[in-house]
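4 protein chains.
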Amino acid sequence: MKTGIVSVFTQPNVPLEFREYPVPAVAEDDLLVKISMANICGSDLHIWRGHGSKIPRGIPQVLGHEMVGNVEQLGKNVKVDSTGARLEEGDRIAYSYFKPCNQCWMCLCGKPGCPERYRDWIGMSSDQPPHFHGAYGDYYYMKPGHWIFKVPEDLPDALVSPVNCALAQVIYGLNQIEITLGDTVVIQGAGGLGLYAVAVAKEMGAGQVVILDRFPARLELAREFGADHLINVDELSVADRVAYVLDHTRGTGADVIAEFVGSPKVLSEGIEMLRWGGRYLWIGNINLEQPTQIDPGNIVRCSKAIQGIIVYEPWVIRRALDFLSRTKHKYPYHKIISHTFPFEQINEAFEFASEGSAIRVGLEFNSTSS
Amino acid sequence: MKTGIVSVFTQPNVPLEFREYPVPAVAEDDLLVKISMANICGSDLHIWRGHGSKIPRGIPQVLGHEMVGNVEQLGKNVKVDSTGARLEEGDRIAYSYFKPCNQCWMCLCGKPGCPERYRDWIGMSSDQPPHFHGAYGDYYYMKPGHWIFKVPEDLPDALVSPVNCALAQVIYGLNQIEITLGDTVVIQGAGGLGLYAVAVAKEMGAGQVVILDRFPARLELAREFGADHLINVDELSVADRVAYVLDHTRGTGADVIAEFVGSPKVLSEGIEMLRWGGRYLWIGNINLEQPTQIDPGNIVRCSKAIQGIIVYEPWVIRRALDFLSRTKHKYPYHKIISHTFPFEQINEAFEFASEGSAIRVGLEFNSTSS
Amino acid sequence: MKTGIVSVFTQPNVPLEFREYPVPAVAEDDLLVKISMANICGSDLHIWRGHGSKIPRGIPQVLGHEMVGNVEQLGKNVKVDSTGARLEEGDRIAYSYFKPCNQCWMCLCGKPGCPERYRDWIGMSSDQPPHFHGAYGDYYYMKPGHWIFKVPEDLPDALVSPVNCALAQVIYGLNQIEITLGDTVVIQGAGGLGLYAVAVAKEMGAGQVVILDRFPARLELAREFGADHLINVDELSVADRVAYVLDHTRGTGADVIAEFVGSPKVLSEGIEMLRWGGRYLWIGNINLEQPTQIDPGNIVRCSKAIQGIIVYEPWVIRRALDFLSRTKHKYPYHKIISHTFPFEQINEAFEFASEGSAIRVGLEFNSTSS
Amino acid sequence: MKTGIVSVFTQPNVPLEFREYPVPAVAEDDLLVKISMANICGSDLHIWRGHGSKIPRGIPQVLGHEMVGNVEQLGKNVKVDSTGARLEEGDRIAYSYFKPCNQCWMCLCGKPGCPERYRDWIGMSSDQPPHFHGAYGDYYYMKPGHWIFKVPEDLPDALVSPVNCALAQVIYGLNQIEITLGDTVVIQGAGGLGLYAVAVAKEMGAGQVVILDRFPARLELAREFGADHLINVDELSVADRVAYVLDHTRGTGADVIAEFVGSPKVLSEGIEMLRWGGRYLWIGNINLEQPTQIDPGNIVRCSKAIQGIIVYEPWVIRRALDFLSRTKHKYPYHKIISHTFPFEQINEAFEFASEGSAIRVGLEFNSTSS
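Protein chains in written order, with our numbering: chain Z, 294 to 663; chain Y, 294 to 663; chain U, 294 to 663; chain B, 294 to 663.
No lab work stands behind these hints: they were computed from the structure. Please note that the accuracy of each hint is not assured.
Copies of the same chain look alike in the list, so a pair counts if it fits in one copy or across any two.
List of simulated lysine to aspartate or glutamate pairs, DMTMM-like, C-alpha gap at most 25 angstroms [claimed, not checked]:
id : residue 1 : residue 2
1  : K436      : D413
2  : K404      : D450
3  : K628      : D420
4  : K404      : D540
5  : K404      : D588
6  : K628      : E648
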């Protein structure tokens, strides 16, 4: 019987453990992926550190949801990907890490953000078949409802692996908040999502992009992704940052602020930077029970809007892949996965990612491991 | 020389004073209105009590912006109202109390909420000509840029006077937040705006309207305006109110929350009542420097949106007047102006309005006073 | 072995034939419905008469897609309806007659109108298992992907049976074209969809509804559904109809025109009735290869828009059912199914429906027939 | 008394005549522009050739509406441009050639496309003061309501002069039809507007742009503006063009078609190229009384939309100027005005422009002519 290795979370702040499980038979509507690269997302770190998540989860649990791999085995009814293109064993694919429940109002409206989008999947105990429920393992077993897209050959794994979480989230968020040609867009945070957001905002027609972070190296990288203005938050006070944005917008303020910091306290600064009628896109700040302050008058008197966004519509993956193919010579996407580790060193990788200096850490799977 | 009386604000918490000014000659593009009814809006009370407004204003100042009156004199170039209908002296009109500056981004976008919408007008010192800059006086002098609409004869002043502020604000706000057929709409606050909002939401297709207030009489009145569920906030805890909304929406939460309380603290309760993907309309809470708390995770993880709205687009007045004509036998609009005083008793009217038991207080102008 | 009867289409203009098939075993994710009422939609008549449809279809074929019924048998994995409400055998349900392919761009965008929405279902030969692919039979066999909604007990079959086609189509169409409070809405055609559209437009906030048809009885019925103005097209010329609409809109034209006639030639008249910036909703005119004329200048110079709409998003069925419960005492929905026939007389029913005097013809299934 | 020269249209197909008029005194809210460059737009040619326009116009009439110039004299109340930037005599400005009537429904909604936007201006007889009502003259006299924007110094007249018609129209149209990141956009027509549309669509995030025209030179120029696919309509049949678009969109069709040809007959081809749910932007086809054919089924069954657009919102000029500054080294905007003539040779210029080989013809005004 073929087996595969996964690394599982058992409790906060202790090393992930490796487990071996039998590779399940693939049912007729399902498919099995051989993972080639999986990344460490901020939410994986939150869980590992025991911060904030209240979603009940099974233990032991395979973490990880940002990944790419190749079709190892197709169920006999699975013949095409989500655009209707023929799918064959060996094809490299990108796919959503969630699937709609089709029994909630979001699903009834055809909108992403289904509250039950991980049901019976990500977050389950790996002791439950089919065991391979997460990205940090040799395989990922997929049931119907996941959206699947063949990956163009010109894109290496390091470019594709962040598509199904980081890049898709950024594209969908900026699509929803709507960039108008010439808009001034302020990006809060120059981590992986923030860097993608610079390039995406520019390609959507932003007139100028201002980015804020505290790490000079990230800010310099943001410049390579097209940022027009870099603000180091350790060097300028909040008042001076707001003044900077006003100074560069004829005194009007930014049209759009997009938050990718993950810290509640940047909200009020962002609202102050917005022009009358401006839009605040809230993506990074998924923290629960960490309230922050908001000034009602600055929203109401100025007709400002705040839009929270979680996950994305399925078309976004297809467009994200095409976007990478189209612009890969223009922006240094290969620097997003700033560090890689072999899967076997996942605990070292988590320790390193926790330190915060990496943009995004990737795990590479040895193709001979199975 | 013809003169007119105005009542002016000189400093917080002292009685308004009456002043007499010469009625100015009407320039060729302007017009002069003889006020017949003017109401006391919450923002007038805030100024009088010295709460919160930071807009620099002239002293002495004619307060008031919610009103109706008749054309006393037309400038020679003014021949039609804002829909192109012929305008004549004596015609009763409703009109915006603000005008676009045409030099800001909101104006360039054709959107309401121009930051300079009161420039050289409401808030000026009444010692500056043309003196009649506010609603609490015999006359209102209007320059080009105000939007003007003839009023149908079937509507008494008590129905028309709140149109240019309270009713137009409600219609525009609910229009912007978009009611979908069958939506559950929660209205926070059963004052004048909240009561209008019940009727407007129902007429826009809301499936059910829940209203919250602390005054039983207001809640009963809300029922007459079409509310399906009344919640007295003194009788139910916040947790129970949220549970009530979930119980009446198959566990999903409300589609829309609309805030007309004017108190920062109702925000978080409203956000909790919202369904995933729901929309929070923030209108009443114009308070500056009174921050409140917001839970990021409850916005971001649930794709919720917050929209602040101030003032309205000009078409709204025309539609508000027609709405009243169309539905005046269905809803008790005459109860919105719950109490009236003669203009001469404006100080008694302010005292009474401050107590809070009135829905909205109106001032009647004796047509023989000029 | 249990069997059931279906009536099948074999070729245009000959009577439908009755066939008997074994009732299939219900697979674990599927369910079987016992039909109680099914209606004759215009598109069924088109197929029967051999008009226009180019969709390749199996022969013999069970026609019909507008229906209601009760759960006869649930697959063992089917425990809830599409809102998550518990589902049990015997429950009466309304459901979409189509399901997304999840492999086209419309599906990737979460939008209705998937080109393959009938794949392997409606239109298949009834000789192929599971045989019961259409409404005109004792049973309807359903696979995953159909959206299913429990029906409130207060609604008789005659009100519910048109929900999954006629009423849902109307609600979704008007929702997409967006009714603003006080809009003038012109409805072209007072058949079943047009009559629903009058009520729905009014409940969404239309200020006035104008309806056009050639049958006086339909126009009178439109009045009962809330129409403010009735125009008999046999009594007024096109120019006079356009003038009528202008006369009743202060010379501006209608905000929205909604077409439910099914004849190409009403387009140009509707465009003429629209105000500058108005919106034309095209629903009834599904005819292929029957081109009509359009005047470019009247669209381009006047910033008018045309929106075609086919099928609907799943939430609409839930809202349609609630809408009926909420307004059933206000509008005579029971008159939409103007005539009923027992299922056994389906050929008489088709002949009668073809004559055109009925609003909508329903087929009743004897509950003892299985 | 200072005088100025204008060239006037007197009847179709005869040369424009030069007239001399006194330069009017500038009223306190007005301003006078010294024209430096004015272009020949297709609609000017239509009038001159006697094609199609039904707008009643004064004779003699100064044609022309696409232009740039410098402030010759400011009325004493005019101190800033439409963004609030200080304005001084000598400043070069771009400005709308229309102004809102503020008395129609479009104006009440803050939307462009006011039917009376030329009232008392463009199209008046030049014998009526202030005489200088059009672009083809030494001066342009402007009343309040025109939107005015200071022009950055880095942009030569040849880049700025098409802003207030061609470029602003393109940007607003594509903004309204909404480009989603990665969209396939088909541009019908590679004249001035079509060429701008290629660059604007790419900068708004289009994934690929297909352009159609019959002139090889225009198509080659389109490539310089960023077009990915060139189709010469003389070389491919309509069916082959449609097939080409399907072939390059995974069989789906284009997301957006934008029409800049000005010929009615391209509509049906464009509709065929659209994907299900796609959007057709109709801008060039302002022809009246030249109906074309449309296939209802191809709109309705496929949920396609058509949007006519005329003129634009005022913000667009500001963004168009900034867009040129930002991208002037990327696209050969200087080739849009492919030919220039001195104003004195306006009749030669019209003859040349009528031949059709020029992209756009500009008229240069000698700065010593006044």
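**Q.** Contradicted hints - numbers only
**A.** Of the numbered hints given earlier, those the structure breaks are 2 and 3, listed in rising order.
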